[in-house]
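A.B. asks: Below are the chains, spelled out letter by letter.
Number of protein chains: 2
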Amino acid sequence: MVKQDRAIRTRNNILQAAAKIFEERGYQAATISEILSAAGVTKGALYFHFGSKEQLALGVLHGQDQRFVIPHRVCKLQELADEVILHAYRLQTDPMVRAGVRLTMDQQAEGLDRSGPFLRWSEVCRERLEKAQAQGELLPHVIPAVTADVLVGTFAGIQSMSQAVSDYQDLRTRASDLLRHLFPSIAVPSVLANLDFTEARGESVYQEILHTPHPQPDAP
Amino acid sequence: MVKQDRAIRTRNNILQAAAKIFEERGYQAATISEILSAAGVTKGALYFHFGSKEQLALGVLHGQDQRFVIPHRVCKLQELADEVILHAYRLQTDPMVRAGVRLTMDQQAEGLDRSGPFLRWSEVCRERLEKAQAQGELLPHVIPAVTADVLVGTFAGIQSMSQAVSDYQDLRTRASDLLRHLFPSIAVPSVLANLDFTEARGESVYQEILHTPHPQPDAP
Numbered sequence: 001m002v003k004q005d006r007a008i009r010t011r012n013n014i015l016q017a018a019a020k021i022f023e024e025r026g027y028q029a030a031t032i033s034e035i036l037s038a039a040g041v042t043k044g045a046l047y048f049h050f051g052s053k054e055q056l057a058l059g060v061l062h063g064q065d066q067r068f069v070i071p072h073r074v075c076k077l078q079e080l081a082d083e084v085i086l087h088a089y090r091l092q093t094d095p096m097v098r099a100g101v102r103l104t105m106d107q108q109a110e111g112l113d114r115s116g117p118f119l120r121w122s123e124v125c126r127e128r129l130e131k132a133q134a135q136g137e138l139l140p141h142v143i144p145a146v147t148a149d150v151l152v153g154t155f156a157g158i159q160s161m162s163q164a165v166s167d168y169q170d171l172r173t174r175a176s177d178l179l180r181h182l183f184p185s186i187a188v189p190s191v192l193a194n195l196d197f198t199e200a201r202g203e204s205v206y207q208e209i210l211h212t213p214h215p216q217p218d219a220p
Numbered sequence: 001m002v003k004q005d006r007a008i009r010t011r012n013n014i015l016q017a018a019a020k021i022f023e024e025r026g027y028q029a030a031t032i033s034e035i036l037s038a039a040g041v042t043k044g045a046l047y048f049h050f051g052s053k054e055q056l057a058l059g060v061l062h063g064q065d066q067r068f069v070i071p072h073r074v075c076k077l078q079e080l081a082d083e084v085i086l087h088a089y090r091l092q093t094d095p096m097v098r099a100g101v102r103l104t105m106d107q108q109a110e111g112l113d114r115s116g117p118f119l120r121w122s123e124v125c126r127e128r129l130e131k132a133q134a135q136g137e138l139l140p141h142v143i144p145a146v147t148a149d150v151l152v153g154t155f156a157g158i159q160s161m162s163q164a165v166s167d168y169q170d171l172r173t174r175a176s177d178l179l180r181h182l183f184p185s186i187a188v189p190s191v192l193a194n195l196d197f198t199e200a201r202g203e204s205v206y207q208e209i210l211h212t213p214h215p216q217p218d219a220p
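Residue numbers (the working numbering), protein chains in the order written: chain F, 1 to 220; chain Z, 1 to 220.
For the record, the hints were derived by calculation from the structure and aren't laboratory data. Keep in mind the model is a prediction, meaning the values are calculated, not measured. Treat the hints loosely; a few may be bogus.
[To be verified] Straight-line C-alpha distance at most 27 Å; calculated DSSO-like pairs for lysine-lysine:
#: 1; chain 1: F; residue 1: K43; chain 2: F; residue 2: K53
#: 2; chain 1: Z; residue 1: K53; chain 2: Z; residue 2: K43
#: 3; chain 1: Z; residue 1: K43; chain 2: Z; residue 2: K20
#: 4; chain 1: Z; residue 1: K53; chain 2: Z; residue 2: K20
#: 5; chain 1: F; residue 1: K53; chain 2: Z; residue 2: K20
#: 6; chain 1: F; residue 1: K20; chain 2: Z; residue 2: K53
[Said to hold, decoys possible] Listing some non-contacts, in silico: residues in chain Z with all C-beta distances to chain F over 10 Å:
#: 7; residue: F48
#: 8; residue: H72
#: 9; residue: D94
Don't be surprised by glycine CBs; every beta carbon is placed ideally from N, CA and C.
In isolation and in its complexed conformation, chain F is listed as follows (with noise of 0.2 Å):
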């Protein structure tokens, strides 16, 4: 078991270093012997959990995807804003997140298939519309998956113009400001009435999260 919890901090520690690296330099400058220096382990260990910097970059990209469980919400439209609030919340505090979305927007990045996250993303947004759209939250002209694509897409740009302009000091009321463009064309007008796009929520979800207790594994 020892043995076990230190592979696998072992990992953690290759994939910091390859997320520091890689958003450092780039998927393509960045090489594996930058990333050994700043993991401080051998080629050895790192070449036995990575096989190659594309699969560095891979769980650097499922790093990311690693989200936080959103609380239950009665609404799923109020669920599918906090995703996107979260989400704003962890890139501005969170190194990993940070270079996952920019290998993700890395349109240089040649020979890494930068479309995993693009669509696990709607995926995700897609099945709670989906369930939005059985309680009656939608407008009736509204295709989840078509409106799954319209959110992931735009907030990836949304994210990268608060980079470009701002280092993502203002990335949280950039996220709030698209929230309210795009809802008004998704939710009825009662639901759309009572969700919280505000500013503040990124963080009180992210507390919120940190406070629950997770489901234990089964006992043994």
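Model the placement of chain Z on the given structure of chain F, informed by the hints.
C.D. replies: Quick look at chain Z alone, frame taken from chain F:
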């Protein structure tokens, strides 16, 4: 005069080559020697026009901004929609526009100020929105500067997602979906009902501009 024409042609050659190399290799990895050999010009000729890699990149970014002038419309929100739709069309069809957008979205381009294109496009959108507001086309709560930023940021993401998942094949559909999601929060209903966001509009606006006689320069 002939000499000046030749200089303009050389400058354009260099910019086309720089666009190609930046698009293929990314800003960080691209080198001036690669651009030199793609352009087929001498080092002296290149440095006559551009003093550094950064200046080359700024030239490409500026090339992206050389916007076709959207034909005058009575409805200013249609002009704004046409700007977005035409940009989507040109991204699909013009390598220089594509290279400029990729540089703008290159979150790894250290030392290159990528905020310029975001801010310039935002300014263009804000001006149109202010004219629309003066004509009573906007819903009362709309703040032109905020909505302009949302439009620019969201389009940036839509194009990036389109590139990642379909190499721009689905960009016109995505641009049209985007406008259909945003404009109901911007336009008064009577204006909204008359806006054209259809996918075919990009090419027809492009053709309209090509066949509009340009204002002639002053006669000598």
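A.B. asks: Now tell me if each hint is right for this structure.
C.D. replies: Checked hints:
no.: 1; hint: F/K43 to F/K53; in the structure: holds, 13 Å
no.: 2; hint: Z/K53 to Z/K43; in the structure: holds, 13 Å
no.: 3; hint: Z/K43 to Z/K20; in the structure: holds, 18 Å
no.: 4; hint: Z/K53 to Z/K20; in the structure: holds, 14 Å
no.: 5; hint: F/K53 to Z/K20; in the structure: holds, 25 Å
no.: 6; hint: F/K20 to Z/K53; in the structure: holds, 25 Å
no.: 7; hint: F48; in the structure: holds, 28 Å
no.: 8; hint: H72; in the structure: holds, 26 Å
no.: 9; hint: D94; in the structure: holds, 16 Å
Comparing the model with each earlier hint shows no violations; every hint is respected.
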